[in-house]
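2 protein chains.
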Amino acid sequence: MFKYPGGRAYQADKQAKPASLLETNYANRGMTLEKDLNATNEFYREHGIAVIHKKPTPIQIVHVDYPKRSAAVIKEAYFKQASTTDYNGIYRGRYIDFEAKETRNKTAFPLQNFHEHQIHHMKQILEHGGICFVILRFTSLNETYLLDAKHLLTFWHRQQTGGRKSIAKHEVEQYGHYISLGYQPPIDYIKIVEKVYFNDASV
Amino acid sequence: MFKYPGGRAYQADKQAKPASLLETNYANRGMTLEKDLNATNEFYREHGIAVIHKKPTPIQIVHVDYPKRSAAVIKEAYFKQASTTDYNGIYRGRYIDFEAKETRNKTAFPLQNFHEHQIHHMKQILEHGGICFVILRFTSLNETYLLDAKHLLTFWHRQQTGGRKSIAKHEVEQYGHYISLGYQPPIDYIKIVEKVYFNDASV
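Listed in order, the protein sequences are those of chains R and D.
The opening position of the first sequence corresponds to residue 1 in my numbering, with each subsequent residue numbered one higher.
The opening position of the second sequence corresponds to residue 1 in my numbering, with each subsequent residue numbered one higher.
Treat the hints with care, as some may be off.
Any copy will do: because identical chains look the same in the list, a pair fits if it lies in one copy or spans two.
To be verified - Here are the simulated DSSO-like pairs of lysine-lysine, each with C-alpha atoms no more than 30 Å apart in a straight line: (1) K165 / K68; (2) K169 / K35; (3) K150 / K165; (4) K68 / K150; (5) K35 / K55; (6) K35 / K68; (7) K191 / K123; (8) K101 / K55; (9) K68 / K101.
For the record, the hints were derived by calculation from the structure and aren't laboratory data.
With the rest of the complex left out, here is chain R:
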C-alpha cells in the first residue's frame, strides 16, 4: 500500500498535475508526518546528533529515454512496495530503524498501515540487536507516539490469530511513548530513544 504515490515528488515539484485528484486521493496522506520527520532528521544531522535518512521510494523502471543533450528521462515506471521500513541510520553508535504512519482514526491505529514484509524486516532488526520502532500519529488528535517494534509484532500476531485488526488507542498510550511536538526539531523522537533505549526506561 503506497501512502503517497507520486506525492513526494509532486510536492517538491511545481508542475501541474490534477492537484485536486491528488489531493482527494493521496496528497496529504502522510505528507505532514513525513515532512516533519525529514526536517527533524536534517536537524539531527546538522547538529551532529544522529545520522538518519528516509530511504527513496522504490520505483520499478520500465522505460527510459536518452534525449540528445539532456538528462535521461524515465518515461514509464511504477511504484513498488517497500521491502523494508522507510527510515534508518545511526544514533550513538546504535543502528536505528523505523517506520512512520498516520491515521485519521481517533480510537485505534489500523494495522493495515503495515505490510507483512515490513513486519518481517522489523523482526529481523530486533533479532540483530537494532533499535526498531514505529512512529504513530493520530492526525485528528495531533498526537504522536513511539512504539517499540516488539509491541507492534505482538499486535500483529494478535491480528493473525483472529484478534482485532488495529491497535486500540489506549494500547498505544500504554505501550508507546508520547512524543511532544516542537518547532526545531518538529518531532524530537531521539529524546524518547535516548530515554527508552539508553536510560533503561521500560521499552
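Following the hints, position chain D against chain R.
Frame of chain R; chain D shown alone:
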C-alpha cells in the same frame, strides 16, 4: 551513481548519448557488482547473518497518471544524485554503511566514482561510531577490496589539496582488505568485516 537502465550514463554525462553507445560503454558497468552484492545480502538475510539492503535509486517524479482501475504510472521522472551511500544495515548489533564501485582501470581507482556528499555522509557515519567502508572492484583484474572509509577520506583529502585524483592500486592493496569471491555468497564481505572490525585486525 545510478545503476538502473543506463543510469550510469546520466550521472557520468548529461550530454548526448545514443542508447547503443550507452549500452556499450556503460550499461553493464556496476551491474555485476551490484547483482553480486544483492545476492550476497539476500544470502546474509536468509541465513540470519546480517540485515543489509541496497537503498532504492532516488528518483525525481514529475508526472504521474492515475488510470482508472489500474496502478499509477509514472510518466516523467529523472534520476537524482544519491545523498548517502547505497548500502546500509546491521551486523551483530553494529551499524554498517558502505558504497560499492567498480573501475576498469588496472592501476588505480579513480576518485571521481565518489561524490562530495557521499564522502560527507561517510565522515558523519564514522563520527557516530558506525562501521563504514567502500567495496572497490577492479573489473579487469577481477579483484575486489574492502577499504575503510577513513582511508578513503584521506585519499579524498589528498586530492582536494592538489594530490592525485585516484587511489593507486598498491595503496588499495596496502590499506584495503582483499575479498575473495565465491559462489554462495558471491562477495563475502562480512567475513572481512568480522575480521577487521570485530577481531581487532588493523582497519
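Against the structure, the hints come out as follows:
1. K165 / K68: Intra 53 Å, inter 29 Å, cutoff 30 Å: inter-copy only.
2. K169 / K35: Answer is within; shortest intra-copy Cα gap is 24 Å, inter-copy 44 Å.
3. K150 / K165: Within one copy only: 17 Å inside a chain, 48 Å across chains, cut-off 30 Å.
4. K68 / K150: neither (52 Å within a copy, 39 Å between copies)
5. K35 / K55: both (13 Å within a copy, 20 Å between copies)
6. K35 / K68: Answer is between; shortest inter-copy Cα gap is 29 Å, intra-copy 35 Å.
7. K191 / K123: both (23 Å within a copy, 24 Å between copies)
8. K101 / K55: both (15 Å within a copy, 20 Å between copies)
9. K68 / K101: between (42 Å within a copy, 26 Å between copies)
The structure fails hint 4 only (numbered hints given earlier).
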